[in-house]
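Student: Protein chains in written order, with my numbering: chain A, 49 to 413; chain B, 49 to 413; chain C, 49 to 413; chain D, 49 to 413.
No wet-lab data here; the hints were simulated from the structure.
The reader is advised that the hints may include incorrect statements.
[To be verified] With a Cα cut of at most 20 Å, we get these calculated DMTMM-like pairs of lysine to aspartate or glutamate:
1. Lys-114/C x Asp-87/B
2. Lys-123/D x Asp-87/D
3. Lys-409/D x Glu-144/C
4. Lys-134/B x Glu-110/B
5. Lys-69/A x Glu-70/D
6. Lys-409/B x Glu-56/B
7. Lys-114/D x Glu-161/D
8. Lys-409/A x Glu-56/C
9. Lys-123/A x Asp-87/A
10. Lys-114/C x Glu-70/C
11. Lys-248/D x Glu-377/D
12. Lys-374/C x Glu-144/C
13. Lys-164/C x Glu-144/C
14. Lys-123/B x Glu-70/C
15. Lys-248/B x Asp-304/A
16. Lys-164/A x Glu-83/D
17. Lys-123/A x Glu-70/D
18. Lys-122/D x Glu-144/A
19. Lys-316/D x Glu-369/C
20. Lys-122/A x Asp-87/D
21. Lys-69/C x Asp-87/B
[To be verified] In silico contact screen, one side only, chain C against chain A (beta carbon under 8 Å); selected entries:
22. Ala-80
23. Ile-84
24. Ala-127
25. Gly-410
Glycine included, C-beta positions come from ideal geometry on N, C-alpha and C.
Protein chains: 4
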Amino acid sequence: MASNSFGEIFRITTWGESHGKEIGVVIDGCPAGLEISEDEINVALIARAPGRTSYTSPRREEDNAKILSGIFNKKTTGAPICIVIKNSDADSSKYESISNLLRPGHANFTYLEKYKIFDYRGGGRASARETACRVAAGAVAKKLLYLQGIKTQAYLFQVGNIRTNVLKDSMIQNDSMTQKNSITQEVLMPEILTLLNDIKNAGDSIGGVVEFITTALPVGLGDPVYGKLPAKLASAMMSIPGAKGFEIGEGFNSADMLGSQYNDNFTKVNEDNDASNGAQSNHCGGTLGGISNGMPIYGKVAFKPTSSIALVQNTLTTTGEAATLKLPEGSRHDPCIAIRSVPVVDAMLAIVLIDCLLLNKGAYL
Amino acid sequence: MASNSFGEIFRITTWGESHGKEIGVVIDGCPAGLEISEDEINVALIARAPGRTSYTSPRREEDNAKILSGIFNKKTTGAPICIVIKNSDADSSKYESISNLLRPGHANFTYLEKYKIFDYRGGGRASARETACRVAAGAVAKKLLYLQGIKTQAYLFQVGNIRTNVLKDSMIQNDSMTQKNSITQEVLMPEILTLLNDIKNAGDSIGGVVEFITTALPVGLGDPVYGKLPAKLASAMMSIPGAKGFEIGEGFNSADMLGSQYNDNFTKVNEDNDASNGAQSNHCGGTLGGISNGMPIYGKVAFKPTSSIALVQNTLTTTGEAATLKLPEGSRHDPCIAIRSVPVVDAMLAIVLIDCLLLNKGAYL
Amino acid sequence: MASNSFGEIFRITTWGESHGKEIGVVIDGCPAGLEISEDEINVALIARAPGRTSYTSPRREEDNAKILSGIFNKKTTGAPICIVIKNSDADSSKYESISNLLRPGHANFTYLEKYKIFDYRGGGRASARETACRVAAGAVAKKLLYLQGIKTQAYLFQVGNIRTNVLKDSMIQNDSMTQKNSITQEVLMPEILTLLNDIKNAGDSIGGVVEFITTALPVGLGDPVYGKLPAKLASAMMSIPGAKGFEIGEGFNSADMLGSQYNDNFTKVNEDNDASNGAQSNHCGGTLGGISNGMPIYGKVAFKPTSSIALVQNTLTTTGEAATLKLPEGSRHDPCIAIRSVPVVDAMLAIVLIDCLLLNKGAYL
Amino acid sequence: MASNSFGEIFRITTWGESHGKEIGVVIDGCPAGLEISEDEINVALIARAPGRTSYTSPRREEDNAKILSGIFNKKTTGAPICIVIKNSDADSSKYESISNLLRPGHANFTYLEKYKIFDYRGGGRASARETACRVAAGAVAKKLLYLQGIKTQAYLFQVGNIRTNVLKDSMIQNDSMTQKNSITQEVLMPEILTLLNDIKNAGDSIGGVVEFITTALPVGLGDPVYGKLPAKLASAMMSIPGAKGFEIGEGFNSADMLGSQYNDNFTKVNEDNDASNGAQSNHCGGTLGGISNGMPIYGKVAFKPTSSIALVQNTLTTTGEAATLKLPEGSRHDPCIAIRSVPVVDAMLAIVLIDCLLLNKGAYL
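Bound-form chain A, shown alone (with noise of 0.2 Å):
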């Protein structure tokens, strides 16, 4: 089944191993006009790329996108942009003592299965690798977004039981920020700091969780019953590998609220304003029956823990004999996936909203 391309009008298909040579995405539906570069590109690269801070992977991948098509004179042409990434540090050897052996919380046991082929070489499709495609296309949608007037941010909210104070209307509010792929480990707490370094000492991985944001988006995003808004974030949020959980606005919290402090009353924002239907609590998280009411988009994406850790795990072969996988020396993974998660959060955000900003032309006569 078909299943590397998300969202409808604005489309976006995904190809590549996490060892193979390249990997890309081809934008389809992205409207003509946008004058947008590679540089742009790298820009927001730069944020998902591991090897940056010793609590991401060690692994260190260039990323310089190459565009390949659907641009002209700087500008798109409506014709499909196709955005390609060099894997340059794709050590798959390091794999080969472990190449018979399923290993916990990864994906080769359901893609052996499914398929019929074990690829012992890293995630393969499963690999997070895949995400640079999202958020190279995330630049693409965070700048038609921006051209509208919108923006989108994502952050880390929490890593283990420790939640960040980060305050998320102060966040968006900051222009600067706009274009730089939201801030990840610059902005990390000193206890934050501590724990990644304990658990990364122990050999052993953490959870973690995502907080999105938008700017006040224009009232009319998302359609009726299956096209809802919330459900298309939750589709997008939901396909990024680890991603256990999404919420928007109060979220779980909701089922503890009662109904007159759970709804967001309609109050006059000022006199002049046209969409002058603001409300002074946003419980909801910007949507009403699945459509954007004019109000932030925010809400949260929680990740598990990282899959490969260091220390020794009992599991089976391919061929079902009981057997310990003990990751070889120097294999390289981010103890927390939430940290590096966090601008390919923001990349689908950005991919969800430009598509129902598009969607949404032609609702009315």
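Given the structure of chain A, go ahead and fit chains B, C and D onto it with the hints provided.
Tutor: For chains B, C and D alone, kept in the frame of chain A given last:
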């Protein structure tokens, strides 16, 4: 934008408003040869139907499904199955007194802005009435799954801050529950009944959480990257009216787990087992890399409190003037929409799974 | 596989069998704000309805469309529009005597092999009865187009080897024909009437060709590569029962033309014309590179002879035994399906064009 | 609008312009386990490649396909297969002298109006260069079909008014032609060679017709109503640059046939034949009700004359001024695009059929 369809091979399209004469669903792509009757669908609809206890909406629909196509000699023919349900008790006259008011928490504001049409009578397409069609289609999906040896189940997990004491592992084993659509209020704990009573007397409403589970699935359902089973489930669940959060497996708990705790180690189930790669734990909730791993799928869906409450609320008129909303006497609404969402969660789970089962054919040569 | 839907933004889904109680169509994605009534749809259905002359099938359906959803205060709301039509005159008892026979030219053999179900009563989903739903949806599409200044038309071009003397350029100018669905037998030439009479008396049937045309279209409808307007039209037309060929512009004549004859040179229409790049000729049929160029679209659809004939035919039983088929006395079939396909071709043309119009929004920034 | 993808389960997405550095195709949904090499794809590309005879465009591309993903140990893995082809000989400098002129028959006018971008260098996405990607993907589809016992073939049927004397029944039997992509100019008749020579010397171009055929197909490919096999084939063929007409079976000949001539009577093939319902004739071209009936599929595609001719043509500038177009000396174009479209027709045929084969799984319980 066409947004009233869900699924790829097994695709449902629903239509009808809460206050129209009939609502309905077209199931396209159902395999031929399934024996299915209106009675079987009606059994499923009973669990969802309003007016059955004092804790769900007093609106009483007969909800007799009529199958208009796709069946010959009691069996599906491969042709689209159209099922219609009469709206026998849709009383829109009561809404006239509030026909120019935006209703907090409801979609009538966003629908007005998106479509420039204000249908004051109930929720239109945004109403939970639409979910009867999902349950009808879900009954077909559940029977298809049952013939493949797969059972699904959903049940109320939490209301307000009270968690039920249901043992999910035992429930799914209970064969009698397979075709009877998931338990709801019959098994509510006394503490929850008391809470609902208090909420109702206060004219307020409250949120809740629904949990879902399956029996052990075949390995291989779901597709890589954007077609992951959790992404499809998240989209399905977040399309249910009032859904604010989705989890699979440990969900948001994952954030505070170590990799060494979270990873489900592969273990040998027994000597003869062909699919020998079981695991002792199931923190992942039955999927690895977005593809089912042979364990049961389980997860949760959070619902906000019912938007309609008996208390006075501040709001605006459709022309932007400040106003107060007091629902007319005799307005009928559930104090907790999570309760009636139980069979809807179960239906969407079944619809996703049968679609994945059909999509999985042809994965390899 | 779900195959009963057509279109992307303006998407129709049809259901119902020729011998069931009702058939219907769900139109999803229709813009809100269109005033449309059951009467307008019924006017369109009249042109398609059987039983109106001695040259179309004596089966007489009332074909009163009932709109079940998607309309409020006479206007579309953006919600899916479900239209149902009763099968008031479906007499399946006559088919019982031939209930174990494969019928030459019919789909009952292929449906049996594909679905393992043999519905001997009429054509099921393969029956031309389904096209009533297309015509109903087409009436909505035609009205949307009309409000954009676009008119469509189809008419009988050829029966057997007799070509009609219709002047297509004059026809489309005739304003009164816009909502009245395309001419059919009212304007049949005496030569064709004589031919049809002879064919009917001989118990035989004959093929034909339908031509379609539009007024000048806006430039830009259709999309590059696989979304070309001619590709969409071809798919739409070849999905009509009995269609065997499709042409746009010069069609198969192009094979014997020189480039210097065929190319439509661009010429200045007049000084004030905004869309100044008209052409004197229109060999291409209104598209360049698959995208409308501002000229009228025109083309043809070839139909095979009606499969049901009164003559004895050799065939097999469903269990593979040699047999002869003689349709029961009083069996009702058109001698030439092309005649009744005229409004269906017109409807599919309109459905493709409104979808392309809605898809074209957002082509550039 | 995203329009660069084709197919549902086996889905191709092409990208790249005629004068960019590379073009490519992503094949998503190819079953795992197929052994396929770059060499096999290159053999298919040779038949399509320009510059091979004096009757096709002198532009000489090496057309060495490079597979970037989706293959491991020589076999498909279920992951998307990205194939890229270098544009080694794209010389856009010659177009500069005509960079402000609309070219009759070409898409640069409609692309300009749709996207507000004028790419004067060759045809961009509208160029026949894109079809190399289809042929590459078609080689994969053809191999999958071959392993299911299905062979496809296309060949030149007509140039101008000269029909070739190819016997289609004998051709498809020729096993050696299976993987070698369909014959083209090697077998051109002397009359056609003379005609092409004359056309070329006159600076003109000419149209043509390509015929396609398969070996006997399994019964059941294609779906009812809008998913009919002829509808899918028509869409596929009419998306090829320059296609103006499509026929299946008797096509437009059907219009002048009687039902008693046209109907293919079912006859017993032999005592042992499981699929015993063969027919002596095959006027329908292998489908009944849009679903394959076990006979070979065959049909035709008409192509217009090449738009680029050496003669002077009247046209307009991009700003609407009258002008004359004389292509620069050394411009490279085929006198008859039908010739080079032969392997493209074959590729699209194979892509449609493999998709239908995969879609057909799950038709019944």
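Student: Which of the listed hints are broken here?
Tutor: Of the numbered hints, 1, 3, 7, 20, 23 do not hold.
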